[in-house]
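Visitor: For reference, the chains in residue letters:
Number of protein chains: 2
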Amino acid sequence: MEGVMESVTISDIQRAALRISKYIVRTPLLQSPLLNEQVGASTYVKAESLQRTGAFKIRGALNKLLLMNEDTRANGVVAFSAGNHGLGVAAAAKITGCRSIILLPKTAARTKIESCQWWASEVLFYDPQTEDREVVGRSIAELKGMTLIQPFDDDDIIAGQGTLGLELCEQLKEQGAHPDSALVSCSGGGLAAGVSVAMTHIFPAAQMFVVEPQGYEKMGRSLRSGKPERNSSVPDSIMDAIIGPRAGSRTLPILRSRNVRGLSVSDEEALYAMAVAFGTLKLVVEPGGAAGLAALIAEKADFSGQTVAVICSGGNVDRNLYIRALEHGHSPRLGRLDAPEPDSFPGKLPI
Amino acid sequence: MEGVMESVTISDIQRAALRISKYIVRTPLLQSPLLNEQVGASTYVKAESLQRTGAFKIRGALNKLLLMNEDTRANGVVAFSAGNHGLGVAAAAKITGCRSIILLPKTAARTKIESCQWWASEVLFYDPQTEDREVVGRSIAELKGMTLIQPFDDDDIIAGQGTLGLELCEQLKEQGAHPDSALVSCSGGGLAAGVSVAMTHIFPAAQMFVVEPQGYEKMGRSLRSGKPERNSSVPDSIMDAIIGPRAGSRTLPILRSRNVRGLSVSDEEALYAMAVAFGTLKLVVEPGGAAGLAALIAEKADFSGQTVAVICSGGNVDRNLYIRALEHGHSPRLGRLDAPEPDSFPGKLPI
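In the order they appear, the protein sequences are chains A and B. The first sequence: position 27 = 27 (this note's numbering), numbered continuously. The second sequence: position 335 = 335 (this note's numbering), numbered continuously.
Since the hints were made in silico from the structure, they are not lab data. Careful: at least some of the hints might be erroneous.
The list treats identical chains as interchangeable, and a pair is accepted whether it falls inside one copy or across any two copies.
[As the list claims (entries may be wrong)] No more than 25 Å apart at the CA atoms, straight line, and that leaves these computed lysine-lysine pairs for PhoX-like:
no. : residue 1 : residue 2
1   : K94       : K22
2   : K173      : K94
3   : K22       : K173
4   : K144      : K106
5   : K144      : K227
6   : K94       : K227
Predicted, not measured: the structure shown is a model, and the values here were computed from it.
Between the sequences and the hints, there should be enough to build the whole structure, so can you do that?
Guide: Given below as structure tokens:
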């Protein structure tokens with residue numbers, strides 16, 4: 001294995017888990033027989049949408065902040081983010097008692113803006129059409145003497161997100177499951193890289209897949225080319241949590257050395273996966289957080305008869321989009337959830 | 001305390017927990033700072049909607065079936081149910097390897113019917129307008145030589161449901177919380193009675209409340225009169241899981257000896273609580289399962305400044321009703337979730 005791979009090790013992740021465990025939720029690993037029947041695979045879903053702040057991002061942020069020296073931390077932290085990373089940093093800052101400034105695109109989901117406003121010391125907005133978030137973020141940090149917290153290209157962040165993979169593997173073992181495949185949403189690759197370190201350590205036979213929005217397959221291309229690629233086109237996608245502009249330079253070598261493969265899903269496939277998670281698992285999952293489940297349901301690789309671990313990584317979705325998922329989620333393959341039920345309220349009541 | 005109270009003891013519940021733990025999910029106890037701010041109380045939500053079969057009922061059913069002698073169990077079991085109890089019995093039967101016949105009202109939520117059809121050996125329907133489910137259930141059991149599993153008036157069922165209360169108390173202790181109040185949905189009272197035994201044993205200072213649909217306050221009236229009352233009127237309610245006709249004769253003395261108080265909520269209040277659970281906890285909760293949360297949000301008693309434990313007991317809700325909750329859930333007191341967000345799809349995308 002390449003030397004660069006050792007940038008984040010299993011013991012980094014184990015130490016991170018000890019460091020952050022008292023501040024986070026040990027999210028459950030769930031099964032649904034209806035889901036298993038639908039996808040033809042024994043599926044274990046890690047319900048990380050139930051994490052504090054509604055996404056996994058608080059894991060990396062807490063690990064990072066708890067590793068900073070106290071004086072630096074006391075000056076405060078800055079994060080730029082489409083939402084979940086900002087929320088995670090703001091919450092970690094509040095928990096560790098330091099100031100935070102979160103820079104959000106003015107188009108962020110309202111549920112993320114409101115939550116950020118609760119956790120953060122200050123929320124600022126930028127215009128994603130005309131401003132570069134990295135430039136704005138850096139200049140704010142410099143001006144205020146605060147530390148900019150990277151969303152993914154930072155080994156402490158990667159190790160923190162890896163605690164999700166460690167927990168997943170522990171729970172799989174507790175339930176006697178040996179995964180053939182593991183599916184995780186991916187943008188910059190912080191979560192995927194951390195999870196891949198834990199997964200390949202504990203279940204070396206498992207094939208890991210990162211799942212991206214169609215048209216945003218920067219990591220898939222990076223895994224093939226061997227260098228961090230950017231999203232060249234910017235089509236619309238509802239998977240707002242995983243449409244960042246570039247793959248990480250520290251995450252890519254980790255993923256590549258572990259033979260992680262790239263898949264992608266459409267908005268329609270993500271919406272359908274959200275509807276399936278609602279019906280079978282009783283989980284609220286946001287579009288980007290449902291990408292892994294969507295790839296399984298839409299058979300983006302051959303998972304039939306396998307044991308599959310899927311991470312549902314976030315649940316921060318606005319109501320209107322969620323309603324849209326429940327109304328219009330459909331799949332050419334699966335009939336069960338296609339047709340809306342006849343209206344069961346207030347006419348036909350199950351008395 | 002009265003002798004009859006000792007029908008179910010804390011050690012019955014502890015033994016039930018050991019008996020069933022490997023078959024069930026240890027559902028998480030969640031907090032949301034946004035929810036705490038909204039209700040003005042430190043709120044701990046037990047996410048039992050994530051239990052296998054989407055509700056707590058499998059706990060009691062498993063305890064009952066595992067305590068039956070093997071020959072009796074091998075003949076199979078029958079349950080009549082508006083849905084969740086039937087699902088729980090069917091799943092427990094499949095897990096313990098025996099046959100099950102589940103009798104459902106033909107008006108049951110489709111999500112419950114489909115799940116029952118997956119778990120049960122056989123699903124039969126009755127007409128709630130013209131048939132008495134207890135009479136039909138008993139005659140089927142007699143005809144087939146199977147055992148009828150009561151939904152609540154059975155000490156083994158009560159002890160099994162009590163494991164939810166035991167788990168809740170353990171998790172509260174782990175999180176350093178000492179509840180002033182605890183809120184739980186109630187129909188016949190099996191869950192409430194079991195939880196009350198655990199809660200008053202571990203947190204004797206906590207005041208427990210059972211929450212019923214408005215117009216269905218049979219347990220509230222029973223707690224005052226001292227005898228099991230029936231629902232006299234049958235108005236429409238969307239809380240299909242908790243509109244059974246009568247309070248339990250074995251559950252009532254348990255609840256009464258522990259000074260449990262009765263509250264009730266409207267359909268609108270339940271719908272709003274479902275929308276709050278979606279937005280703040282990322283949980284899919286069914287109307288009857290949201291009654292406790294609804295009573296807290298609608299301030300049915302003075303909870304301000306308290307530490308409050310709430311059980312969200314089920315998540316089996318059809319899509320159309322859930323969409324209705326998200327679209328129309330509103331509250332005179334709470335502005336935050338009142339107005340639907342401007343449509344965030346597909347026009348305004350958070351890129």
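Visitor: Between K94 and K22, at a C-alpha cutoff of 25 Å, which is it: within one copy, between copies, both, or neither?
Guide: So K94 and K22 pass the 25 Å test inside one copy only (15 Å; across, 37 Å).
Visitor: Cα distance capped at 25 Å. Does K173 pair with K94 within a copy, between copies, both, or neither?
Guide: between (34 Å within a copy, 23 Å between copies)
Visitor: Is it within a copy, between copies, both, or neither that the alpha carbon of K144 lies no farther than 25 Å from that of K106?
Guide: Only inside one copy: K144 and K106 sit 22 Å apart there, 65 Å across copies, limit 25 Å.
Visitor: Please work out whether the CA atoms of K94 and K227 approach to 25 Å or closer within one copy, between two copies, in both situations, or in neither?
Guide: So K94 and K227 fail the 25 Å test inside a copy (36 Å) and across (51 Å) alike.
Visitor: Under a CA distance limit of 25 Å, which applies to K144 and K227: within one copy, between copies, both, or neither?
Guide: neither (34 Å within a copy, 68 Å between copies)
Visitor: I want to check one pair: K22 and K173. Are their C-alpha atoms no more than 25 Å apart within a copy, between two copies, both, or neither?
Guide: So K22 and K173 pass the 25 Å test inside a copy (22 Å) and across (13 Å) alike.
In terms of the numbered hints stated before, the structure departs from hints 5 and 6, listed from lowest to highest.
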